[in-house]
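Each chain, written out:
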Amino acid sequence: MTAPLLSVQGMGKRFGGFVVLDDINFEVYPGERLGLIGPNGSGKSTTVNCLSGVLIHDTGQITFDGQRLDGLKPHERSYAGLARSFQIPRPFARLTVLKNIKVPMMFAAEKRSGHRFSESELDAQARHALDQVGLLAKAELLAGGLTQIDLRKLELARAIAAQPKLLIADESMAGLATSETDEILALLLQLNSQGIAVIMIEHIMRAVSAFSQRLVVLAAGKKIADGPTQEVLRDPLVERIYLGD
Amino acid sequence: MSSSNLRFYIGLLIAGALVFFGVQALAEGYYLLVAFYILQYIVLATAWNILGGYGGYVNFGSACFFAVGGYSTVFFYKLLGLQTLKSLDCGWFVITGPYLSYLIIPASVLVGALISGLMGLGTGYLTLRLRGVFFAISTLALTVVVQTLVLNWSYVGGARGAYVMRSPSVAGFTSTNEFVFFVMLLIAMAALAIARSIERRKLGAGLEAIRDDEDSAECSGVPTLQLKLQATTISGAMMGAVGALFPFFVTFVDPVGAFNLVHTVNSIAMPLIGGMTHWSGPLIGAILLGGVQQYFGSKNMVTPELSLLFVGVLMMVFVAIAPNGILGLWQRLRGKDVK
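As you go down the protein sequences, you meet chains A and B in turn.
The numbers in my numbering rise by one with no breaks, and the one at position 123 of the first sequence is 123.
Add 1000 to the 1-based position in the second sequence for my numbering, that's all there is to it.
Any given hint could turn out to be false.
The calculated BS3-like cross-link candidates involving lysine-lysine, where the alpha carbons are at most 30 angstroms apart (straight line), are [claimed, not checked]:
1. Lys222(A) <-> Lys73(A)
2. Lys1202(B) <-> Lys73(A)
3. Lys99(A) <-> Lys1202(B)
4. Lys111(A) <-> Lys73(A)
5. Lys165(A) <-> Lys73(A)
6. Lys99(A) <-> Lys138(A)
7. Lys165(A) <-> Lys222(A)
8. Lys165(A) <-> Lys99(A)
9. Lys138(A) <-> Lys165(A)
10. Lys165(A) <-> Lys111(A)
11. Lys111(A) <-> Lys99(A)
12. Lys111(A) <-> Lys138(A)
13. Lys1202(B) <-> Lys165(A)
14. Lys111(A) <-> Lys1202(B)
15. Lys138(A) <-> Lys1202(B)
No lab work stands behind these hints: they were computed from the structure.
In isolation and in its complexed conformation, chain B is listed as follows (with noise of 0.2 angstroms):
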């Protein structure tokens, strides 16, 4: 492992160790809740940037992918029947009731990010023959397609909605929302490590090449239908996977919390303030605005759709005044163009 992985690596670990103790250590359940947000707000931004930051595919079907993975645990729950699940018993051993999250909730995490991936692969394949606006637009037709089928579908609640009743405690845990929390936070960082990753590999140099001028990239050997693709599975896995997770933290899923365009329009203000170039501009950008949004709605000085309009006018700002991002700025300030 080179030196560079290797600092990040363990400086990864020391931040999700901080921020887990650190949200322990307060013992308040505000504190949980807005570091939750935050962190779902990382990964989304950061699944967006890898489709629209890097390859400069307009992606507005966040909510979509993320509203699939939520539905695809509430399906799996009812399906299993986990709702009334007490205890697991695999033949040689049993799982009793505060261990049994560690196989449920890890497990709806990877089906979700699984089905949210082959929903990308899929949509990028019918879609990704289109570029710019027309690539946009299909991602926004598809988010509305889904929206409508969930919403006549009752199996998952339509448009009532349906609650996951999760199990009351996690051993080692102080409590279940704890225990999600920290699967959140080992996504998020698996997030961020797989963009930095994509970056610094073949991948990230094809779709940087790609958002910069689509034919010569492919006349340069860029598969580009290919990378577009690889790009929109990991995207949809990650949201997907957040997803999954939501309805555990909140126990409740509805077509119009799932599918709310504040994740959309979060999700691509958070690298465009943040700066998009780089795997750390997403970062910045959802605890910035997320802990904006968080800390005014805490204190009901502002409504959700106040806070909508609040981050439109802010991308406008940003897209005006500085285009590469806090990122962009502050490598303007030491005198660096941006990468």
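This is chain A alone, in the form it adopts within the complex (with noise of 0.2 angstroms):
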């Protein structure tokens, strides 16, 4: 069996005596869509920031592509090939959308990849990756002057320039329009179908039912299910969480 490409063994935060994530374990295995669910405060964006190292986890361990990430700060990590988008956009507001782009590959990707970019591959692959969100044409425009969805993208675009192996996308569509949270989900389903593992963190159902092969679900901190999407989304304990008794 392949080995997994991120294993979280019994990662546990709290915040003083508040216990946010208590023991969580899962595996996410290359390539994998998985999908992260669960009601509000169950400590989804957590887990992210726990992954990400934007918050250091308590106990625990987390291996990526057999590398410990214990105490690695968040830049290590984009180096080890783990890439996330905020669910709150958070562009580099005062540069152009372009430069958004580069700052990842010139820093993640050309670590990852040891090969120290030129200018004009800089921006060729910057524009390419622009290009694969359909925001070529506002490459000039500074990024803090986008839409929403436009904002989206870049987060994705800017997550997928590190060149990752795994891309946590947290909550990317919420607040979208219909036609804007399928624009989204065909770009991951794209960036999936390109061999990067994605780990999907949504609210809304019909995406991360049509997106993931697999699901974790958390509530009040815990892992309440783990398994193929239709599986879980049929369990009792998952329905009574989602709907209520």
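Work from the hints to combine the two standalone chains into their complex.
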């Protein structure tokens, strides 16, 4: 059997006396599409923050591509091949859209590939990444002036510009219209088809079930289900947590 | 070398030569003084902008880095007995009086830059985990701490201050002040070249990303602490270099002058007024604001305190109506967004 790309074992996080994550275990395999769901306050975003290094988990261990991530800073995790997008888009607002893409290329992708991009390579590859998400026409605009859907696309483009093995898409569709949700969904599927494993954190169940090969469900900081998407969605406990008794 | 780099360096050399020979042609000490102060502020403003403008970290400690450079000159002058040095026997050649400044002044500048650069690295390491207003306050505290230390350190003159007796003449220059001015011009040219180079390299892109969103920059692979430390070191070294040269120009240093709030306020106001996103912003701000201050100062129209008030009001005006400075206004007029 293939070794997991990401392995989370016994991960725990507390803020003072409040336990946010309690003994979380799950795996993500190379090229897999995993959905991470749960009601508000279940610990999804904290999980993402602990995986990406924005928060330091208190207990357990995270192994990515055979390397322990515990104690590594977010930029070091990006060098290992782990990229994330933010729930609320956080662009480099005063830089152009193109330069937003060049930053992860100059730092994460260069470090990962060991290849120093020339200015023309950097420009061509950044434009290619923008083209993939349909933002090429807006390359020279300031990122702070983009619309909400374009900001979501930019988040994803910036994450993929780092040439990751695993992308964590944290609620990339929140607040978008149905057609826009479909655009982002198509984009994530396209990225996955290029071999990038994706963890999708999402509330929109239509998108989650269409995208995910497997689901992990969190509730009140604990993992309550982990398995094939349709099986998990039929789980009485998951139904109860989402729909009530 | 790319054509734009070539154009920049040729332009810089021509501008430098024009300034030097222009001031020399005016043959009046006053213009040398004005040009020296403006060049000094070009360096201070450019240095401040590397961390403050590109990286978004507001440093209220410019005066401290400047003063540490100045006091490093005072300290080593005394330690090495340079006050009374008439010639230097290097074994197989002897450096005599008119040539001594060629060695002593640039060496003092390098030592001042090194010490202030190391101080930048050290304080950066201690304070750069702080963000926003907390970082700004810590740099202000640094100034107070170092000033108190200097005030109570009699070896470098304490509250009385200290004199630096420089060589009365320098070979090839009409006066020692002219040579000191020449060195300041070289430092200013180097500062502009360094700032432009940072802007065009990974360091500049990383600092800009940090300024806009530090967590997001980290997740994009930017080693934020490392880049900020590089910025504080470079910025501190630049400020220390001009500080180290200052005693040679005025021949006297005291804590009130060296740690003066004017250095801090000007080095923030000048990039703010000129524009903080481009290397030329601090240059424009320093020429305009420094020029205006020197003009009104020379006419005895304003006291230093009034000048400071004027700078404060001007800063508020720019923050309110032109947050991207003169460069931003210019780009807006041309229908372009600020980078």
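To see whether the hints hold, each was checked on the structure:
1. A hinted pair counts as satisfied when its Cα atoms are at most 30 angstroms apart, and Lys222(A) with Lys73(A) qualifies at roughly 25 angstroms.
2. Distance check on the hinted pair: Lys1202(B) and Lys73(A) sit about 19 angstroms apart at the alpha-carbon level, within 30 angstroms; holds.
3. A threshold of 30 angstroms between alpha carbons decides the hint, and for Lys99(A) with Lys1202(B) the separation of about 11 angstroms falls inside it, so the pair holds.
4. Between the alpha carbons of Lys111(A) and Lys73(A) the distance comes to roughly 15 angstroms, so the proposed pair stays at or under 30 angstroms and holds.
5. Annotation: proposed proximity of Lys165(A) to Lys73(A) holds, straight-line Cα distance about 17 angstroms (limit 30 angstroms).
6. Of the supplied pair hints, the one linking Lys99(A) and Lys138(A) holds, its CA atoms being roughly 12 angstroms apart against a limit of 30 angstroms.
7. At roughly 26 angstroms between alpha-carbon atoms, Lys165(A) and Lys222(A) fall within 30 angstroms of each other, so this suggested pair holds.
8. Restraint check for Lys165(A) and Lys99(A): satisfied, since their Cα atoms lie roughly 22 angstroms apart, inside the 30 angstroms limit.
9. For the hint pairing Lys138(A) with Lys165(A), the CA-to-CA distance comes to about 27 angstroms; that is within 30 angstroms, so the pair holds.
10. For the suggested pair Lys165(A) and Lys111(A), the alpha carbons sit about 14 angstroms apart, so the restraint of at most 30 angstroms is met.
11. A distance of roughly 18 angstroms separates the Cα atoms of Lys111(A) and Lys99(A); the hinted pair therefore holds under the 30 angstroms criterion.
12. Taking the CA atoms of Lys111(A) and Lys138(A), the gap is near 27 angstroms; set against the 30 angstroms cutoff, the hint holds.
13. Proximity of Lys1202(B) to Lys165(A) is assessed by CA-CA distance (about 23 angstroms); at most 30 angstroms being required, the pair is judged to hold.
14. A C-alpha spacing of about 12 angstroms is found between Lys111(A) and Lys1202(B), which places the hinted pair at or below 30 angstroms, so the restraint holds.
15. With a C-alpha separation of about 23 angstroms, the suggested pairing of Lys138(A) with Lys1202(B) holds against the 30 angstroms cut-off.
Going through the hint list in order, the structure satisfies each hint without exception.
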